[in-house]
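Chemist: With chain L fixed as given, assemble chain R onto it according to the hints.
Given next are the chains, with one letter for each unit.
Protein chains: 2
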Amino acid sequence: MADPGPERPPDPASLLALLGRGTGTVSEVFVARCRASAARPFLIADDRRWSYAEAEEIVRRVAGYLATVAGPAERVASFVGNRPEALWTWFGAAWAGLVYLPINREQRGELLADQLGRSGASVLVTEAAAVADLPEGLGALGIRLVLLLDQLESLPVGWPPVVSWSAVNGAAPIDPVRRGPGDLAAIMFTSGTTGRSKAARLPHNLFVRNAARLVDGYRLRGDDVFHNWLPLCHLGGLLHMTMTAVIAGGTVALFPGFSASRFREQVDRTNATVICGFASILHFIWAQPPRADDPRCSLRVGIIGGIPGDLKRPFEERFGMWLGENYGMTEADPITLPTPGVDAADTSGYPGGDFEVTVVDQYDRPAAPGALGEILIRPRVPSVMSLGYEGDDDATVIKWRNLWFHTGDWGELDGLGRLRFKGRAHHYIRRRGENVSVAEVERILGQHPAVADCVVVGVASPVGEQDVKAVVAVRPGARCDGAELRDYLVGRMAGFMVPRFIEFRAELGRTELGKVSLESARAITGDLFDGDQTAE
Amino acid sequence: MADPGPERPPDPASLLALLGRGTGTVSEVFVARCRASAARPFLIADDRRWSYAEAEEIVRRVAGYLATVAGPAERVASFVGNRPEALWTWFGAAWAGLVYLPINREQRGELLADQLGRSGASVLVTEAAAVADLPEGLGALGIRLVLLLDQLESLPVGWPPVVSWSAVNGAAPIDPVRRGPGDLAAIMFTSGTTGRSKAARLPHNLFVRNAARLVDGYRLRGDDVFHNWLPLCHLGGLLHMTMTAVIAGGTVALFPGFSASRFREQVDRTNATVICGFASILHFIWAQPPRADDPRCSLRVGIIGGIPGDLKRPFEERFGMWLGENYGMTEADPITLPTPGVDAADTSGYPGGDFEVTVVDQYDRPAAPGALGEILIRPRVPSVMSLGYEGDDDATVIKWRNLWFHTGDWGELDGLGRLRFKGRAHHYIRRRGENVSVAEVERILGQHPAVADCVVVGVASPVGEQDVKAVVAVRPGARCDGAELRDYLVGRMAGFMVPRFIEFRAELGRTELGKVSLESARAITGDLFDGDQTAE
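Chains as they are written, first to last, in this note's numbering: chain L, 1 to 536; chain R, 1 to 536.
Bound conformation, chain L alone:
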């Protein structure tokens, strides 16, 4: 890579202004940044480095190649780890006017085939190590061409033509294909904790304006190095740590995943200044042996969701950095932003300017300040959030009812308008005006000697709101019935928390992640124990 030279990185806030407006497309800001910061470093991966000028040259060729194998606005799926080629595919697809569709490299089997099939992608970029994980009948899933990053001896049956990534080197570079800020840039699968994962349709401007909001909110700079271990199939990797770098004129340091033991070495080697992640990585980093030079390491800013209140200040002091809380999700991010030096450790930040945020009761009516309810958001400006779910207009309409996006999260707004995230909505049940904590009922129920496992859910009540239902697996050899469990609980929790319905199962059918299907748990059948029927 060329020496960065004396060029002064442009003011990050100026990049969108440089485009003349507060909206843009991925290739507009990328090309503007490559011109403004040609000699500055864009990417560090392993021992290699690329300047913005070098990145532009590669992206031009990748776009040129993709334009020859995919029709206008077709989709390019990506099933690779955090490698430079994933970034070249992202920027190359945007440059060619195509849609980027990253699939989580951890995905497997039936779910992977389902996502590929739903993706509508005609081209798949993947790596040799991923071939064994991919389904055999790729062609039947709509993939017409595979672009393979590494050499491979033999290919699975039912695959379409496979071309080596090196083919892009021979492609003719092209100029950016014009797209609008509201046009589809990427499709990302949500985690789908309450059902099949949904494919969120994300517009160009989301990756541009929202990145500029993060740059503003976290005071990111042209000399920042973004320690990017987050998968590029999530907004954390692609928006918070990549597009922010482009907007700010900084550098992406790409890592294949999070490693607590190698973290400090990675920071020192790349002079990383910005990290991104969740409470868990703070705990993992904190647990590493302290070093005398920790306070003098290059780290400056952490973009974190769910900072543990008791860890914030010690962590900041140990590494000489600032942790700022941020709330968002695949469909819209960042919804809130921190205010440096002002935020209490236990808030999830202030609404970040581009979104209205409210907390409501079960009828979508605003809750009083400090009261718990579902967090709803809506954009103040166009094209900063999901365009809806691919092939799932029904789910989109439900999530958008009353023209608010229903996050499915519970939280509180305090008197200053700061949001406090309190968990997923299905962690709470609304019963006749009372909020029932699922975790609390499960904990008490699990203490009954006959209960091997249990899950508690809310089910629609004929009198409005919800009734509480428990699904219980009884220990082998033990015996108990609904009336006995009910009696046990009545003395141990508020009456409104006691499950009305109890279903007994041999086992709960937990997944390898320990999850129970909430849909099946919510089913109401005639043979359930019903406390309302048996009570005198």
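Hints listed in this document are in silico derivations from the structure and should not be mistaken for laboratory results. It is possible that part of the hints are untrue.
Stated by the list, open to error - Partial list, derived from the structure: chain R residues whose beta carbon lies under 7 Å from chain L:
id, residue
1, Asp361
2, Tyr363
3, Pro379
4, Asp393
5, Asp394
6, Thr396
7, Lys399
8, Asn402
9, Leu403
Quick reminder that beta carbons are idealized off the backbone N, C-alpha and C, glycines included.
Modeler: Chain R alone, transformed into the frame defined by chain L:
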């Protein structure tokens, strides 16, 4: 009907407060009003009158009957003229927890069968005079039972069982079935000017809170008599002129349709104080021979959409009344309300409190004050607008993009936040930042001696926004081509208005209402005249 007696009509604004909150259901407010104003007149139709107490008694029985023939939340379609039974069906369905589905009595043939089939209704209320208009295979459309208002000798083939409306007299009255303010109350078909009519799903609270907004905005009172000639299948008839009466405690005077010649007699006979409608009825009423007592007639308030600026003051003076402008549509109404004594004649009112209103450019970005753009709205409170389109989530998502409802109307907001409605969006074409008036281009093009008929539409432009396309029918015997028409237009309008594409057809295929299919007019085929290709 019992004599109204000395009872003082309750303060209209107090009815929702009486329910203890700003939301409610149709049966909640109806029963509250019947208790509060039992002896007051609710309905006048022909020579008959019903007090609120009498209305409640009928509605209890209609609900009781409907509950025996329809399952919970099933749909009751209504295909009748403006008769008392239409109102009993509306309130009875709401009372029984069912969904009211009024179909325009003017509807015929394939479109009528389509709406019935899409309705999902299991019960159809209709009248003898409508039987010949209804399709033969009613049963195949999902109707299980017909409730017929009049006697009939023979029935069409393929009809399900037919029961006389008199059966409701023998039904056991029931108490209201509990519903929530956000639950579905009615489904109404939109006019569908740009395609198949859409079935808007309207919640209970829309009919309650929005009626209260109209009562507030137009200062309606308990002694008002609502001259209701508007079809009950539209919000004008059901919301503006019926639910307002219930909220205010006033009286509905029901008429089968609008009659200019009988209008004054109807007003005098019923002491009507409130009328509702559009510019056309003002013109029709105005054209009637003036009477010396016009200024002393009982009329007090007009709830009007599109008041002609030059007619407003003379009309108000002639009839001693006030005309207030209101803007809304099936999906959301009232969006704006007038401010008595303040509004200029040429605005469409102020946003009415429950909706945000904005005017945007083609990227949904707010337009400058006074600039023309599409009118977008969104609710400030829950359940005051359509829940979406029945069986058309795709259209719902498109209309709700960026979490704004896209009205498809064009308008301007002035510096005071007042809205000026300027017509349907397809009356304008956006070409490279310029707004092209379809009517202006059509008028000039129609002046060319060879042009028999023409229609002008916008078509998506590869450079963003739209290009102008004209579809032209040439007079028999006349000859002209695209280049000639283009030359003719170039000197007569701004260059940006001149159609790029010209399609020649033998005839435009106008419907009996004079409409041309805009979809077919927008088609771009290879044999069109393309001014961009032929220009040097």
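Chemist: All the hints need checking, so say for each whether the structure fits it.
Modeler: Outcome of the hint check:
1. Asp361: violated, 9 Å
2. Tyr363: holds, 6 Å
3. Pro379: For Pro379(R), the interface hint holds, since the closest Cβ of chain L sits about 6 Å away, which is under 7 Å.
4. Asp393: holds, 3 Å
5. Asp394: OK, holds: Asp394(R) within 7 Å of chain L, min 5 Å.
6. Thr396: holds, 5 Å
7. Lys399: Lys399(R) check fails; min Cβ-Cβ to chain L is 10 Å, beyond 7 Å.
8. Asn402: holds, 5 Å
9. Leu403: Holds - the Cβ of Leu403(R) comes within 7 Å of chain L, reaching about 4 Å at its closest.
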